[in-house]
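Visitor: Same order as they appear, the protein sequences are chains V and P. Take the first sequence: its letters are residues 1 to 358, numbered as in my numbering. Take the second sequence: its letters are residues 359 to 716, numbered as in my numbering.
Keep in mind that the hints were calculated from the coordinates and are not lab data. One or more of the hints may lead you astray.
Some chain P residues near chain V, calculated using beta-carbon distances under 8 Å [to be verified]:
hint : residue
1    : L388
2    : A408
3    : A680
Between beta-carbon pairs, the in silico distance windows are [claimed, not checked]:
hint : chain 1 : residue 1 : chain 2 : residue 2 : range
4    : P       : G713      : V       : S320      : 55 to 61 Å
5    : P       : I449      : V       : Q173      : 55 to 61 Å
6    : V       : A69       : P       : D520      : 25 to 31 Å
Backbone N, C-alpha and C fix where the C-beta goes; we use that ideal spot for every residue, glycine too.
Protein chains: 2
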Amino acid sequence: MIRPLPSGATIGILGGGQLGRMLALAAARLGFQTHIFAPEESPPAAAVAAQLTQAAYDDIPAIQRFARAVDVITYEFENIPTAALEAIEDICPIHPGRAALAVSQDRLTEKDFLTGLGLITAPYAAVRTGDELDAALETIGTPAILKSRRFGYDGKGQVRLDNADQAASALDQFAGQDAILEGFVDFSQEISVIAARAMDSAIVCFDPGENHHKDGILATTTVPAKLSMALSTDAVILAGHILNALNYVGVMGIELFVTPQGLLVNEIAPRVHNSGHWTQNGCVIDQFEQHIRAIAGWPLGDGSRHSNVVMENLIGDALSTAAELACDPAVAVHLYGKGVCRAGRKMGHINRITGAAG
Amino acid sequence: MIRPLPSGATIGILGGGQLGRMLALAAARLGFQTHIFAPEESPPAAAVAAQLTQAAYDDIPAIQRFARAVDVITYEFENIPTAALEAIEDICPIHPGRAALAVSQDRLTEKDFLTGLGLITAPYAAVRTGDELDAALETIGTPAILKSRRFGYDGKGQVRLDNADQAASALDQFAGQDAILEGFVDFSQEISVIAARAMDSAIVCFDPGENHHKDGILATTTVPAKLSMALSTDAVILAGHILNALNYVGVMGIELFVTPQGLLVNEIAPRVHNSGHWTQNGCVIDQFEQHIRAIAGWPLGDGSRHSNVVMENLIGDALSTAAELACDPAVAVHLYGKGVCRAGRKMGHINRITGAAG
Numbered sequence: 001m002i003r004p005l006p007s008g009a010t011i012g013i014l015g016g017g018q019l020g021r022m023l024a025l026a027a028a029r030l031g032f033q034t035h036i037f038a039p040e041e042s043p044p045a046a047a048v049a050a051q052l053t054q055a056a057y058d059d060i061p062a063i064q065r066f067a068r069a070v071d072v073i074t075y076e077f078e079n080i081p082t083a084a085l086e087a088i089e090d091i092c093p094i095h096p097g098r099a100a101l102a103v104s105q106d107r108l109t110e111k112d113f114l115t116g117l118g119l120i121t122a123p124y125a126a127v128r129t130g131d132e133l134d135a136a137l138e139t140i141g142t143p144a145i146l147k148s149r150r151f152g153y154d155g156k157g158q159v160r161l162d163n164a165d166q167a168a169s170a171l172d173q174f175a176g177q178d179a180i181l182e183g184f185v186d187f188s189q190e191i192s193v194i195a196a197r198a199m200d201s202a203i204v205c206f207d208p209g210e211n212h213h214k215d216g217i218l219a220t221t222t223v224p225a226k227l228s229m230a231l232s233t234d235a236v237i238l239a240g241h242i243l244n245a246l247n248y249v250g251v252m253g254i255e256l257f258v259t260p261q262g263l264l265v266n267e268i269a270p271r272v273h274n275s276g277h278w279t280q281n282g283c284v285i286d287q288f289e290q291h292i293r294a295i296a297g298w299p300l301g302d303g304s305r306h307s308n309v310v311m312e313n314l315i316g317d318a319l320s321t322a323a324e325l326a327c328d329p330a331v332a333v334h335l336y337g338k339g340v341c342r343a344g345r346k347m348g349h350i351n352r353i354t355g356a357a358g
Numbered sequence: 359m360i361r362p363l364p365s366g367a368t369i370g371i372l373g374g375g376q377l378g379r380m381l382a383l384a385a386a387r388l389g390f391q392t393h394i395f396a397p398e399e400s401p402p403a404a405a406v407a408a409q410l411t412q413a414a415y416d417d418i419p420a421i422q423r424f425a426r427a428v429d430v431i432t433y434e435f436e437n438i439p440t441a442a443l444e445a446i447e448d449i450c451p452i453h454p455g456r457a458a459l460a461v462s463q464d465r466l467t468e469k470d471f472l473t474g475l476g477l478i479t480a481p482y483a484a485v486r487t488g489d490e491l492d493a494a495l496e497t498i499g500t501p502a503i504l505k506s507r508r509f510g511y512d513g514k515g516q517v518r519l520d521n522a523d524q525a526a527s528a529l530d531q532f533a534g535q536d537a538i539l540e541g542f543v544d545f546s547q548e549i550s551v552i553a554a555r556a557m558d559s560a561i562v563c564f565d566p567g568e569n570h571h572k573d574g575i576l577a578t579t580t581v582p583a584k585l586s587m588a589l590s591t592d593a594v595i596l597a598g599h600i601l602n603a604l605n606y607v608g609v610m611g612i613e614l615f616v617t618p619q620g621l622l623v624n625e626i627a628p629r630v631h632n633s634g635h636w637t638q639n640g641c642v643i644d645q646f647e648q649h650i651r652a653i654a655g656w657p658l659g660d661g662s663r664h665s666n667v668v669m670e671n672l673i674g675d676a677l678s679t680a681a682e683l684a685c686d687p688a689v690a691v692h693l694y695g696k697g698v699c700r701a702g703r704k705m706g707h708i709n710r711i712t713g714a715a716g
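Let's have the full structure, built from the sequences with the hints guiding it.
Guide: Structure follows, in structure tokens:
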């Protein structure tokens, strides 16, 4: 029997950025306390949490103290050191679980998992040596992208190869790190599905959104995505398939490419996702609350969409336009309270309501 | 020229209860820090605020330190001691301003203000002595309610008089405190309007909600209220009239009675209001964010309603039903994280979505 976490219980969150902050806000709505674990001195999430443990993710005694002080642990990013996870998993439940982390921490494991489910991914091959890279380029062709297997985020640790001559210098940049070569995909749209799975196995998916990137960073998500009903349904079924296979608890972001062959899975993230921020103003229960409900053993809420939304990230200096953007009554502003504004840094986002859901 | 408070600035909130907590959550969405001033050790709002000053409201040095540490001050309750307000008003701007507080801290001043605007209130008379009470009962008749002029809240400090014989014993209970006798009003509905006024004088009103009380405490607010378009428009015009007269900045809750003679003003509260909680799930921008936007010099957001809502307070033990209520996908749960659950204490509320706004 699933016992829902009672009001007043403490949710521990690994990571103190904007995702942790918005998770903490959602947890507070449900009466939970939050305790942030992060290496930074004043991470954005700490300003809205009851407690902060400031320590490195590989500081085992600190993370064990943290685990003893909370009732359930979740996280805002997937690259938590394995040693840290092993040190806390017997102390306190962690959701989403280790299976999801194992899959999403390694691009090769992720691709093997997805293709093992019968899903389509970009063509890929594991690459450790120059010979393996040459062979992979032979099969996959160019252009292709050489990526580190681990710790990829927002375009970091990736090298584009336009022809096979660039192979040697590209591999040098990985300095012996295991890599994966991925072929380019001919896609017409990138969409994402934000899906939640509860402890009782119930699944709720938000409507797919269409993503546009700029300089390798998500710029906008538009909901509804311009998709046929068939593809939209496919996206949701596919998401449910992935969540069930991992016996997943929590919210997952699933990035998909729309190709002539159907939907191709680009990436999965075992956490709330930037492309799900539109749910804050498009749905009664947003992705952050769905995640908190799921990991707390609560039933999921209604993920149906009442409004059409365009989410726009405010990157770097764009922060300064926030109060002006707020003049548009159709705009809801969400800022992260980050002290330092840097080029390329996500400082906030807006959700622009473009009409009632049809 | 109005300079909007920049992201990262600190909003000081007097009071640490659920209203302060939900204001702090709204402030966080806009990237602001919050600093709570409250006498309790762990008030609900402090768990989601960057800072807490724990001190009595009449601790002048403490409240002055607090005022120096924040960029703007607001409050979740209107009964702030005048001495405290005088001690901080030159240090830091306070919104809503002193005029609104003066009017709402004293039932007689409030009634005089409202009738001075040409609005209708219950019949009333100031009462300090037995003779004055006898005279007032002569004019107003029974049943009537004798109320303290100051610090009334949720039915406290009120005595019902069913006949003139009860006058002496009723007055004894006020122990020389100034009182006001109010006649009963023949009304068919109690509604309330939650209205916001920005620094640039713009006014946004949420749709009127219909309130039902139980044991003197708000039990439910239903939106839309069953009202003719004429009365609904009257309610909004009347709200705008009150806000303009006070040169008001922030959100105000205005309780109205629907009577055969039209709308009668029962009470005004210079703050976010329990009967406005439905806006959290019925509108893109809720009353808490409207209040924060107003006091921060930001433009107001869109207060239009996308969904019909019934808000139900969770009083005392009803808290234990929260996770069960959440099973209904039409229900959004809001809990206050209060440590101690007492009979009659507001522990949370739910917003039940009853359909798309027509």
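Visitor: Of all the hints given earlier, name the ones this structure violates by number, lowest first.
Guide: Violated hints: 4, 6; rest satisfied.
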